[in-house]
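Put together the whole structure using the sequences plus the hints.
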Amino acid sequence: MITLNVNGKNYNVDVTPDTPLLWTLRDNMGMTGTKYGCGISECGACTVHVNGQAKRSCVTPAGSVVGAQITTIEGLSADSSHPVQKAWIELDVPQCGYCQSGMIMATAALLARKPKPTDADIDKTITNICRCGTYQRIRAAIHLAAKNTKS
Amino acid sequence: MTKHLDMNRRQFAVTAAAVGGGIALGFALPREASAVVLPEPWKAPPAVAGSEINAWIVIAPDDTITIRVGQTEIGTGTITAMPMIVCEELECDWSKVNAEYASGNRSLRENNVYGRMGIGGSSSVSLSRDFLQKAGANARERLKMAAAAEWNVPVTEITAAKSVLTHAASGRKLTYGQVAAKAVPMRLEKDPAIKHPSQFNFLGKTDVKRLDTPLKVNGSAVYGIDVKVPGAVIAAVKVAPAFGAKVKSFDAASAKARPGVIDVIEIGKEKKHSPATFASQLNSGVAVIANTYWQARTALDAMAIEWDEGDLGKISTESHARETRAALDKPGGAIANKVGDAVAGLKDARRTVEAIYETPFIDHAMMEPISATASVTADKIEVWVSTQNPISVIDVAAEESGMSKDKIFCNTTFIGGGFGRRTVSDDVRQAVFLSKTMNRPVKVMWSREETLRHGTYRPTAMAKFKGGLDADGNISAMHVTYAGHSTPVLRGAALGNGIDDKNKIDANQLRGIRDIDYALPNFLVEWHAVQTHVPTGAWRGPGVCQNAFMYESFIDEMALAAGKDPVAMRRNLLRNAKDAGWLKVLNEIADKGKWGKPLPKGTAQGIAMTLDHGTICGAVAEVSVSQGGEVKVHSVDMGFDIGHAFYKDAILAQLEGGAAMGLSSVLYEEITLRNGRVVEGNFDDYRIVRIDEMPQVNVHFGGLTGGDKVTGVGEPSTVIVPAAVANAIFRATGKRVRSMPLKNLDLSWS
Numbered sequence: 001m002i003t004l005n006v007n008g009k010n011y012n013v014d015v016t017p018d019t020p021l022l023w024t025l026r027d028n029m030g031m032t033g034t035k036y037g038c039g040i041s042e043c044g045a046c047t048v049h050v051n052g053q054a055k056r057s058c059v060t061p062a063g064s065v066v067g068a069q070i071t072t073i074e075g076l077s078a079d080s081s082h083p084v085q086k087a088w089i090e091l092d093v094p095q096c097g098y099c100q101s102g103m104i105m106a107t108a109a110l111l112a113r114k115p116k117p118t119d120a121d122i123d124k125t126i127t128n129i130c131r132c133g134t135y136q137r138i139r140a141a142i143h144l145a146a147k148n149t150k151s
Numbered sequence: 001m002t003k004h005l006d007m008n009r010r011q012f013a014v015t016a017a018a019v020g021g022g023i024a025l026g027f028a029l030p031r032e033a034s035a036v037v038l039p040e041p042w043k044a045p046p047a048v049a050g051s052e053i054n055a056w057i058v059i060a061p062d063d064t065i066t067i068r069v070g071q072t073e074i075g076t077g078t079i080t081a082m083p084m085i086v087c088e089e090l091e092c093d094w095s096k097v098n099a100e101y102a103s104g105n106r107s108l109r110e111n112n113v114y115g116r117m118g119i120g121g122s123s124s125v126s127l128s129r130d131f132l133q134k135a136g137a138n139a140r141e142r143l144k145m146a147a148a149a150e151w152n153v154p155v156t157e158i159t160a161a162k163s164v165l166t167h168a169a170s171g172r173k174l175t176y177g178q179v180a181a182k183a184v185p186m187r188l189e190k191d192p193a194i195k196h197p198s199q200f201n202f203l204g205k206t207d208v209k210r211l212d213t214p215l216k217v218n219g220s221a222v223y224g225i226d227v228k229v230p231g232a233v234i235a236a237v238k239v240a241p242a243f244g245a246k247v248k249s250f251d252a253a254s255a256k257a258r259p260g261v262i263d264v265i266e267i268g269k270e271k272k273h274s275p276a277t278f279a280s281q282l283n284s285g286v287a288v289i290a291n292t293y294w295q296a297r298t299a300l301d302a303m304a305i306e307w308d309e310g311d312l313g314k315i316s317t318e319s320h321a322r323e324t325r326a327a328l329d330k331p332g333g334a335i336a337n338k339v340g341d342a343v344a345g346l347k348d349a350r351r352t353v354e355a356i357y358e359t360p361f362i363d364h365a366m367m368e369p370i371s372a373t374a375s376v377t378a379d380k381i382e383v384w385v386s387t388q389n390p391i392s393v394i395d396v397a398a399e400e401s402g403m404s405k406d407k408i409f410c411n412t413t414f415i416g417g418g419f420g421r422r423t424v425s426d427d428v429r430q431a432v433f434l435s436k437t438m439n440r441p442v443k444v445m446w447s448r449e450e451t452l453r454h455g456t457y458r459p460t461a462m463a464k465f466k467g468g469l470d471a472d473g474n475i476s477a478m479h480v481t482y483a484g485h486s487t488p489v490l491r492g493a494a495l496g497n498g499i500d501d502k503n504k505i506d507a508n509q510l511r512g513i514r515d516i517d518y519a520l521p522n523f524l525v526e527w528h529a530v531q532t533h534v535p536t537g538a539w540r541g542p543g544v545c546q547n548a549f550m551y552e553s554f555i556d557e558m559a560l561a562a563g564k565d566p567v568a569m570r571r572n573l574l575r576n577a578k579d580a581g582w583l584k585v586l587n588e589i590a591d592k593g594k595w596g597k598p599l600p601k602g603t604a605q606g607i608a609m610t611l612d613h614g615t616i617c618g619a620v621a622e623v624s625v626s627q628g629g630e631v632k633v634h635s636v637d638m639g640f641d642i643g644h645a646f647y648k649d650a651i652l653a654q655l656e657g658g659a660a661m662g663l664s665s666v667l668y669e670e671i672t673l674r675n676g677r678v679v680e681g682n683f684d685d686y687r688i689v690r691i692d693e694m695p696q697v698n699v700h701f702g703g704l705t706g707g708d709k710v711t712g713v714g715e716p717s718t719v720i721v722p723a724a725v726a727n728a729i730f731r732a733t734g735k736r737v738r739s740m741p742l743k744n745l746d747l748s749w750s
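Those protein sequence lines, which keep their order, are chains A and B. Quick note on numbering: this note's numbering labels position 42 of the first sequence as 42, and the sequence is numbered without any gaps. Quick note on numbering: this note's numbering labels position 435 of the second sequence as 435, and the sequence is numbered without any gaps.
If you are wondering where the hints come from, they were derived from the structure by calculation, not from laboratory data. Accuracy of the hints is not assured; some may be wrong.
List time: in silico DSS-like cross-link candidates among lysine-lysine, alpha-carbon distance up to 25 Å [stated by the list, open to error]:
(1) K338/B x K162/B
(2) K338/B x K124/A
(3) K648/B x K9/A
(4) K86/A x K648/B
(5) K632/B x K592/B
(6) K124/A x K228/B
(7) K86/A x K209/B
(8) K314/B x K269/B
(9) K147/A x K209/B
(10) K330/B x K466/B
(11) K648/B x K162/B
(12) K246/B x K272/B
(13) K86/A x K147/A
All figures in this text were calculated on a predicted structure; none of them were measured in a lab.
This is the structure:
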């Protein structure tokens with residue numbers, strides 16, 4: 001049994017410490033907004049925040065984040081009011097939508113660190129995969145979110 | 001047309017007693033706080049008692065209108081676009097429309113009431129719009145009849161707009177919700193006329209937001225892999241890595257000793273598929289059942305399994321390529337096209353050009369790995385799955401279980417990409433088998449590796465092109481010998497493992513070569529099938545997704561040999577094209593793409609055109625290649641002719657996104673075989689383009705010809721990008737690309 005702090009609440013979960021955070025969130029805690037895409041840290045669909053940093057939960061052992069502040073897509077805002085979510089809605093970014101939780105979490109972490117990212121910053125940081133190819137709108141939505149974020 | 005009319009009469013005249021036969025998606029336009037967003041979207045939202053006017057339309061007293069959607073949402077926008085089409089004719093208030101999935105079970109029980117429910121072939125709009133418009137028009141006219149009866153005035157004096165019925169002479173008004181119950185028994189003498197697209201006042205005229213976006217930015221949209229069914233256990237599965245091999249032995253005891261593991265079950269010992277559903281067959285393998293996926297997966301990975309592979313291990317990419325290459329030299333292929341005498345025409349040609357092109361197996365690699373959940377009980381089966389085809393889900397579940405179809409329900413979830421992969425329900429068969437065996441609900445989950453190694457791949461193809469030029473540099477003859485794997489998944493074994501028995505060709509695999517409107521006085525296309533044990537199927541733009549690359553590259557080779565500009569060459573080839581869209585699209589992309597603009601050394605434009613499910617599409621790509629051979633695609637200017645733009649933003653989304661998929665396919669994608677099995681296993685060795693490689697995609701609407709044409713946009717940009725990029729690379733480097741993917745080629749230059 002370990003205790004994890006997710007979206008501001010403590011949860012006691014019955015997993016071995018080496019269980020990936022991804023599966024702990026999904027199977028043990030019922031939070032399925034964080035997605036499984038590859039399991040090897042390639043695609044970013046599983047991106048969450050650990051102490052504010054974007055982290056790929058599929059290769060993060062649950063035992064390694066005990067005591068950390070974990071934020072998932074469900075906890076990014078209570079009502080989809082985060083500037084990144086609003087920009088995503090404004091530009092109708094998602095197609096199938098499966099990768100978008102990870103895209104949004106990766107973007108939110110980028111903007112927290114770098115409120116006005118350049119295209120080069122985006123290219124370097126947003127390494128998640130979208131098979132539907134929504135990249136053009138993702139880029140536009142990142143810039144829109146940056147514009148709409150009060151510094 | 002008569003057939004359509006009869007079908008629609010039957011559908012609309014019969015008003016089902018049961019209201020709410022659909023599977024509610026539980027979301028609505030983000031218009032009010034009351035919009036219901038359920039974490040499990042197939043469940044009905046809190047019921048609003050309404051009147052079912054016909055199978056698609058339920059109107060509640062509060063004027064909420066529920067519109068049922070038969071075309072599942074794989075990301076193309078159907079859940080928004082289909083109700084928009086109904087709304088156009090119903091003349092209803094879009095802000096009060098809810099969408100819900102139509103029930104495949106009901107469609108089967110009620111004589112195919114929802115028509116074609118599968119998704120594929122860029123066809124959701126083109127093949128549904130007729131019956132959806134009729135559904136809307138039927139309901140609108142019956143609502144008018146109800147209002148006319150209420151006021152005792154002729155129905156011709158009633159007008160309908162924005163969910164309000166008006167009698168102008170007396171100034172009276174009623175809302176749809178107020179008369180819906182009275183419209184239910186109303187019957188029409190004949191189907192009302194539907195609007196020609198040129199008469200639309202909503203479609204193409206209004207900026208509509210996608211209904212599902214709010215659910216996809218906060219993690220609440222539930223995909224097949226997310227489904228939680230009470231009492232369900234998780235099955236991690238591994239089937240024989242060499243396709244068709246069998247389980248010899250496995251160490252169940254050690255797996256069962258691990259934490260959380262409930263059972264270990266061999267699958268595929270008994271096969272129940274029919275020839276028509278063989279693509280869904282239960283392959284030989286092992287399932288580890290546990291309480292959580294991680295417990296099941298780690299136990300499966302640790303378990304020793306021995307396979308009986310026979311000679312399958314001898315098959316490799318190289319052996320298959322040798323066999324395919326040999327077929328190109330065989331005389332007497334099945335004739336797919338014959339115009340004039342190409343063989344004689346080549347003999348008489350002033351100059352001939354010959355080249356062989358090839359393309360590999362590739363996978364759909366949709367982001368959501370394969371998963372399906374089934375609950376088989378004594379009197380009912382429920383399936384929860386990301387599917388492109390709910391009817392196939394029911395068919396396969398019935399076949400595997402022996403239960404009659406009227407007791408089988410498909411709960412379609414949100415879908416993490418399809419691209420053709422989620423059409424065959426092989427995952428559903430596994431889930432039904434395991435649930436029946438275990439007598440409890442089971443969720444089957446494939447790892448990414450299992451998903452990538454057990455796909456229904458785009459088939460391989462090789463084509464030998466021989467072209468002849470006359471004294472004026474025009475193409476006087478063309479002979480194409482095509483050797484390829486066919487797509488049995490699409491065609492069904494009834495057609496002899498993919499081959500059309502009558503013509504001995506796989507017409508689907510020859511799209512993009514045999515159906516292009518180029519003026520070729522002598523044209524011969526011959527087909528040879530070269531099959532393997534590899535399962536193949538529809539990949540976004542079947543056939544044309546590789547043929548456009550091969551054919552359009554060769555057309556550029558001919559242009560070069562003739563000393564002609566590629567655009568001028570095509571303009572000449574299209575001189576007799578019956579469809580005005582060809583030249584309109586060509587001119588649009590040449591103009592908007594600034595064809596011929598000066599560019600630095602190592603940077604060039606490439607152009608290509610093709611036809612996909614009636615949609616003419618073309619692209620100009622601007623590409624640079626470093627001297628070391630690194631390719632960068634800067635921009636793609638896309639033109640297309642679908643007749644009319646129904647839902648502009650969704651069209652833009654499909655063409656922008658599809659370009660990325662086309663780019664992945666030409667740069668990186670390849671499934672290779674060693675020892676009878678797939679080598680690639682994950683996104684580290686099966687690379688997909690990321691944001692840093694995304695070109696600027698400029699979509700131009702000037703190619704649209706209007707008229708009676710209504711075609712789709714799901715596939716065109718994916719199929720055209722490889723050809724445009726390859727042609728640009730030649731013009732940048734002098735190196736002709738004759739195979740995909742580019743990652744295998746040395747494109748360095750000096």
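Hints, verified against the model:
For the proposed pair K338/B and K162/B, the alpha carbon gap of about 54 Å is over 25 Å, so the pair is violated. The suggested pairing of K338/B with K124/A is violated, with an alpha-carbon distance near 52 Å, which exceeds 25 Å. Taking the CA atoms of K648/B and K9/A, the gap is near 43 Å; set against the 25 Å cutoff, the hint is violated. Of the pairs offered as hints, the one joining K86/A and K648/B holds, with about 21 Å between alpha carbons and a cut-off of 25 Å not exceeded.
Pair hint K632/B plus K592/B holds up; C-alpha atoms about 21 Å apart against a cutoff of 25 Å. Note on K124/A and K228/B: the hinted pairing is violated, with a Cα-Cα distance of about 36 Å set against a maximum of 25 Å. Annotation: proposed proximity of K86/A to K209/B holds, straight-line Cα distance about 13 Å (limit 25 Å). For the hint linking K314/B to K269/B, the alpha-carbon distance of about 24 Å falls within 25 Å, and the restraint holds.
Taking the CA atoms of K147/A and K209/B, the gap is near 21 Å; set against the 25 Å cutoff, the hint holds. This hinted pair checks out: K330/B and K466/B have alpha carbons roughly 15 Å apart, not beyond 25 Å. In summary, the hint linking K648/B to K162/B is supported, as the alpha carbons are separated by about 21 Å, within the 25 Å threshold. Taking the CA atoms of K246/B and K272/B, the gap is about 16 Å. The hint holds against a cut of 25 Å.
Straight-line distance between C-alpha atoms of K86/A and K147/A comes to about 12 Å, which keeps the hinted pair within the 25 Å bound.
When the structure is compared with the earlier hints, violations turn up for hints 1, 2, 3 and 6 and for no others.
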